[in-house]
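K.L.:
Spelled out from the first residue to the last, the chains are:
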Amino acid sequence: MKQYPCRDNPDRVLLFSTRTLAKLLVPVSVLRAAEEGSLTPREQDILARNGFLVDDPAEERREVLRSIGEAEKRGGRAFLMAVMNLDCNLACTYCYEGGQRGRHYMTPETADRLVRYAEKHFLELGSDVTIDFYGGEPLLSLDLIRDISRRLGASAQQAGRGYRFNLVTNGTLLTGAVAAELVPLGLRSARITIDGPPEIHNAYRPFVSGAGSFETIVGNLREVSALIKPGIGGNYTKDTYRSFPRLLDILADEGLTPDKIAYVMFAPVTETLGKHLMPEFSDGCVSADEPWLVEAALFLREEILRRGYFTPKVAPTVCMIEYRDNLVIHYDGTLYKCPAFIGSAGLDVGDLKTGLRDYTDSHNLNAWKTDECLDCAYLPLCFGGCRLLKLLRDGAIDGVECRAASLDATLEELILQDLRYSVKKDKAGATPDK
Amino acid sequence: MEREEILVLEEGMDDAIGPMALCCAVIYGLFNR
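If you're matching them up, the sequences are chains A and B in order. 739 is the number of the first residue of the first sequence in this note's numbering; add one for each residue after it. 259 is the number of the first residue of the second sequence in this note's numbering; add one for each residue after it.
Rather than coming from a laboratory, the hints here were simulated on the basis of the structure. You may find that some hints are simply not true.
[What the hints assert, rightly or not] Restraint ranges, calculated between C-beta atoms of paired labels, are given here:
1) B/E263 with A/R1131: 41 to 49 Å
2) A/N1104 with B/E263: 24 to 32 Å
3) B/E269 with A/E774: 50 to 58 Å
4) B/E263 with A/R1044: 25 to 33 Å
Backbone N, C-alpha and C define an ideal beta-carbon position, used for all residues, glycine too.
Turn these sequences into a full structure, and let the hints steer you where they fit.
P.N.:
Set out below in C-alpha cells:
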C-alpha cells in the first residue's frame, strides 16, 4: 500500500494498493480509526475488499508469490515472440540489432519446427497461442508469416483452441493490402514505431537508401487503421523527447485520431547488451531512474493522455522470464526468455529441436522471493524488475533490478494522471480501449 | 459525530496481473522495431 497526501484536501489521503490497484480517498479520521481499531463495519468492508486491510499478512505474501502462475493459468494462452530475421529496410542510428544485423532469416525448416513446437507444447495441451512476429523487420519474411499462421490457425481450430498474431514492425511494409491479407489469417494488431515528428524520425529511422520513412509509415497507418487498431511506439532520447507531442498533433491532423489508435507508448532508447549497440550511438539509457528519464516519462504520458490517446495505466510489470509459457524463438530456432537476450551465449534456454531446459538458476528466477522484496510495497508492481538492465548494470543477473527509487519519483504522479484522465474519459462517455 | 465517508475512486481487482508479461522490453522500447 502507498499513501499520498490529497492535494486539494488536507483532511484526506490517497491510498493506492500496489496489489489490487485500488485507489481510495480516505479521511484522515478513518486512518486514525483503523489504527485504534474503531472502524465501522462499512469502512472495514471497503478497506478489506480493496486490499488495504489484511487478516493474515503471511497469507498475503503467499498470494503474491502465487500470483504470476495463477495469472498465467487464468489466461490459458501461450505468448511466443518469433524473431523472423535480423534484416531491415531501415538504417536506424541506434539499431537494437547492432552488430548482429544481417541477412539472417528463419528458414522454412525452422518455421516448420516452430509450428510443431507450438502444436505439441501448447495447442494440444489446451492453451491458445499468440505469436508476436518480430525482427529485424518481420514483414521481410511475409511468406513464412503466412505459412506459419495458416498452419497454426488450422491446428488451433482442430484442437478447439485459438490462434492469433501481432506484428512488431517499422510500418514501412504494412500496407492496407498486406493487412487485408493477414487479418483473415489471425492478425490482431501491429506495433509501429515512429520516433517523433518527421525531421527527427527521418534522422533516426531513415531507409537504407538514406531517404526519410515518415511519410510512408503514416500513409500505411492511415490504410491499416481501417482494418485493425495499430499501436504506436516511439523511441526517444534526452534531446528528442520534447518534440514528441508534435508527432501526436500531426497524427491527429492525418486522421489518426485516438479512436483509430489502440495505444501510444513512447520509450527511451535503451542500451542493449554491449556488442549489439551501434558503436556510434551513445545516447541510450541503462537505468530506470536517471533524472531526465523520470521527467521525460511523466511529460510524455501527460501529453498522450491530454490528447485523448490511450496509454496503459499503472499496472504490474512482470518480466516474461517469470511466465512459463512466454518464449522468444530466434530465427535459428534457439529459445530465449527475453528479446534482448537473443544471440547472447549463456542466455539461451534451449532450442526447438531439444526443447526448453531449466533456467531457474541461469535467470535467477527466485531473485525477488526474499524478505526484503516481499516486505516492499512496490513488489506487486515490479516483481524484480528488468533482467536486462540488471545485466547491463552489474554484468550478471545476480539479483533484482530494484525499482524503488524510480517508483518513489514517479508513482504518485502516474496515479494522479490515471485519475485525471479516466475521470475525463468517463464524463465524455468514452472508455479507453484495452 | 459521523466521520466522512471513504471515496472509492477505483475498485481493486483480485486479478491485477495480466496473463502476459508487460515487461521492460515493452516499457523500455525494445519492442519498438
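K.L.:
Give a verdict on every hint.
P.N.:
Now for the hints, and whether the structure bears them out:
1. B/E263 with A/R1131: 41 to 49 Å: holds, 46 Å
2. A/N1104 with B/E263: 24 to 32 Å: With a Cβ separation near 43 Å, A/N1104 and B/E263 fall outside 24 to 32 Å, so the hint is violated.
3. B/E269 with A/E774: 50 to 58 Å: violated, 26 Å
4. B/E263 with A/R1044: 25 to 33 Å: At roughly 31 Å between Cβ atoms, A/R1044 and B/E263 fall inside 25 to 33 Å, so the hint holds.
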